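Asks: Taking the hints into account, I'd like the entire structure generated from these sequences.
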Amino acid sequence: MKVNLKSQNWAEYVDSFVAGKLPVFILGWFPDFVDPETWLSPFASCEQSPGNGVNYCNPEMDKLLLAAASTTDHDKRAELYKQIGELYAEEVPTIPLFWEPEFIINRPGVEGIKIGAPFEFNYNILSFGPDAKPASGSTDTIIIGSTDEVNSLDAADAYATHDWEIIKNTGITLMSYVPGTADLVPGAAAEPPTISEDGKTYTFKLRSDLKFADGTPVTSKDYLRAWERLNKLDGQVKGLITGYVANVTAPDDLTVVYELKAPFAFFPALAATAPFNPVPPDFPDDKIVQFPETLNGIGPYRMVSHKVGEQMVLEANPYYTGADKPKIKTVIIKYFADPTTMANAVENGTIDIAWRTVGPVEAVRLQSVQGLTVTTINAPALRYLVFNHTYMVGGGQ
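The numbering of the sequence shown is the working numbering, which starts it at 888 and goes up by one.
Derived from the structure by calculation, the hints contain no laboratory data. For clarity, every value in this text was computed on a predicted model and none was experimentally measured. Virtual Cβ for every residue (Gly too), placed ideally from N, Cα, C. Please note that the accuracy of each hint is not assured.
Stated by the list, open to error - For lysine-lysine, the following DSS-like pairs were computed, each having C-alpha atoms within a straight-line distance of at most 30 Å:
(1) Lys1108 <-> Lys893
(2) Lys950 <-> Lys963
(3) Lys1194 <-> Lys1174
(4) Lys1098 <-> Lys969
(5) Lys1214 <-> Lys1092
(6) Lys1001 <-> Lys1098
(7) Lys1098 <-> Lys1174
(8) Lys1216 <-> Lys1194
(9) Lys1174 <-> Lys1108
(10) Lys1001 <-> Lys1214
(11) Lys963 <-> Lys1087
(12) Lys1221 <-> Lys1174
(13) Lys1087 <-> Lys950
(14) Lys1108 <-> Lys1148
(15) Lys1092 <-> Lys963
(16) Lys1194 <-> Lys1098
(17) Lys950 <-> Lys908
(18) Lys1174 <-> Lys1148
(19) Lys1194 <-> Lys1001
(20) Lys1214 <-> Lys1194
(21) Lys1148 <-> Lys1092
(22) Lys1001 <-> Lys1221
(23) Lys950 <-> Lys1119
(24) Lys1020 <-> Lys1214
(25) Lys1108 <-> Lys1092
(26) Lys1092 <-> Lys1212
(27) Lys1001 <-> Lys1020
(28) Lys1212 <-> Lys1108
(29) Lys969 <-> Lys1148
(30) Lys1119 <-> Lys1087
(31) Lys1087 <-> Lys1148
(32) Lys1148 <-> Lys1119
(33) Lys1098 <-> Lys1119
(34) Lys1098 <-> Lys1108
(35) Lys1194 <-> Lys908
Unchecked claim - Pairwise CB distance ranges, derived in the manner of DEER restraints:
(36) Phe985 <-> Asp1169: 35 to 43 Å
(37) Lys1216 <-> Glu1084: 45 to 53 Å
(38) Ala1224 <-> Gly972: 37 to 45 Å
(39) Gly1258 <-> Lys1216: 19 to 27 Å
(40) Gly1024 <-> Cys944: 53 to 61 Å
Replies: Right, here's the structure in full:
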């Protein structure tokens, strides 16, 4: 057998495996929300697996997944997970490669770094202490390094960790995490949702002071539009939401109601994912906007410029009314081709923070550099080898 190894930039790579062009490929997975369900349905359900290039579908598996997701009986859930695991091992060849931590490195005087679950990095709580020497020369600007690439900044499509990081720092989801924790609190919602007796209907009351970064007031119609747009555009993230949500209504300007397909107890955590942001007013209803020139959400920052593969600039949103007003006015994200170049940049002071992905080699090296702080983020990040179930080899499947 002849094996050809191919390297692509991230955006091309995503397009290739989603389109079913790759028979075998390596992926990384970071949890979408805090529940075992996030490790199952994305790879094994008929609705979600196409978005990850697995293209596996078995109605029997879907029944097991639905039963496990919709029960709160721990013993019953454990038994269902056992059955799911056995069927998955038999039908879905996936080879786990390794679990890996993430690392974040900062220069002296950088304060407020907290990485929560799942991989929540809140730029608005960052600040400089009295001994800091900002890379930009100003305490009003912080520079963060990343080897990630933007794949899509449209919440109806985006399904990558870095994309969600940007969307969440320029938006507010219905539910939010307390920075640095896995504790959920209302975000754009004014209070925790009201849940129907059967557990299938969640009613959220919105805060009345929400505005987009261009000053446009936010209403429940914006959340209804987000749902309708997600259904219509068939973006990569669609299955994550439509696998659980049956319908969305907006009975008044400050009320949005989600009707679920089953009583999913983890729904408040799902409501903290990127698709539960209102759609910026300038985004069209009939087209995904992967690389917008600006991003005017309702979060602490707005994106004012983005040069793909080079840098992104975020500025404090003057209309932000949420928790923790930005302490630093401007956030610049510098994109690097490899961990070594990024590590050298934080070492020599041309960036303030080196974030995903530093990697263990550079993290260990930088631990010995005086003044730098290396923090290990022990989050459940998995690298694995996956097989496309629809790829045809020699006329057979």
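Asks: Determine for every hint whether it applies to the structure shown.
Replies: Going through the hints against the structure:
no. : hint                            : result
1   : Lys1108 <-> Lys893              : violated, 44 Å
2   : Lys950 <-> Lys963               : holds, 14 Å
3   : Lys1194 <-> Lys1174             : holds, 21 Å
4   : Lys1098 <-> Lys969              : violated, 46 Å
5   : Lys1214 <-> Lys1092             : holds, 28 Å
6   : Lys1001 <-> Lys1098             : holds, 26 Å
7   : Lys1098 <-> Lys1174             : holds, 23 Å
8   : Lys1216 <-> Lys1194             : holds, 20 Å
9   : Lys1174 <-> Lys1108             : holds, 19 Å
10  : Lys1001 <-> Lys1214             : holds, 14 Å
11  : Lys963 <-> Lys1087              : holds, 20 Å
12  : Lys1221 <-> Lys1174             : holds, 28 Å
13  : Lys1087 <-> Lys950              : holds, 17 Å
14  : Lys1108 <-> Lys1148             : holds, 22 Å
15  : Lys1092 <-> Lys963              : violated, 33 Å
16  : Lys1194 <-> Lys1098             : holds, 26 Å
17  : Lys950 <-> Lys908               : holds, 29 Å
18  : Lys1174 <-> Lys1148             : holds, 27 Å
19  : Lys1194 <-> Lys1001             : holds, 27 Å
20  : Lys1214 <-> Lys1194             : holds, 25 Å
21  : Lys1148 <-> Lys1092             : holds, 21 Å
22  : Lys1001 <-> Lys1221             : holds, 20 Å
23  : Lys950 <-> Lys1119              : holds, 25 Å
24  : Lys1020 <-> Lys1214             : holds, 16 Å
25  : Lys1108 <-> Lys1092             : holds, 12 Å
26  : Lys1092 <-> Lys1212             : holds, 22 Å
27  : Lys1001 <-> Lys1020             : holds, 20 Å
28  : Lys1212 <-> Lys1108             : holds, 26 Å
29  : Lys969 <-> Lys1148              : holds, 23 Å
30  : Lys1119 <-> Lys1087             : holds, 23 Å
31  : Lys1087 <-> Lys1148             : holds, 7 Å
32  : Lys1148 <-> Lys1119             : holds, 19 Å
33  : Lys1098 <-> Lys1119             : holds, 25 Å
34  : Lys1098 <-> Lys1108             : holds, 13 Å
35  : Lys1194 <-> Lys908              : holds, 28 Å
36  : Phe985 <-> Asp1169: 35 to 43 Å  : holds, 42 Å
37  : Lys1216 <-> Glu1084: 45 to 53 Å : holds, 48 Å
38  : Ala1224 <-> Gly972: 37 to 45 Å  : holds, 39 Å
39  : Gly1258 <-> Lys1216: 19 to 27 Å : holds, 25 Å
40  : Gly1024 <-> Cys944: 53 to 61 Å  : holds, 55 Å
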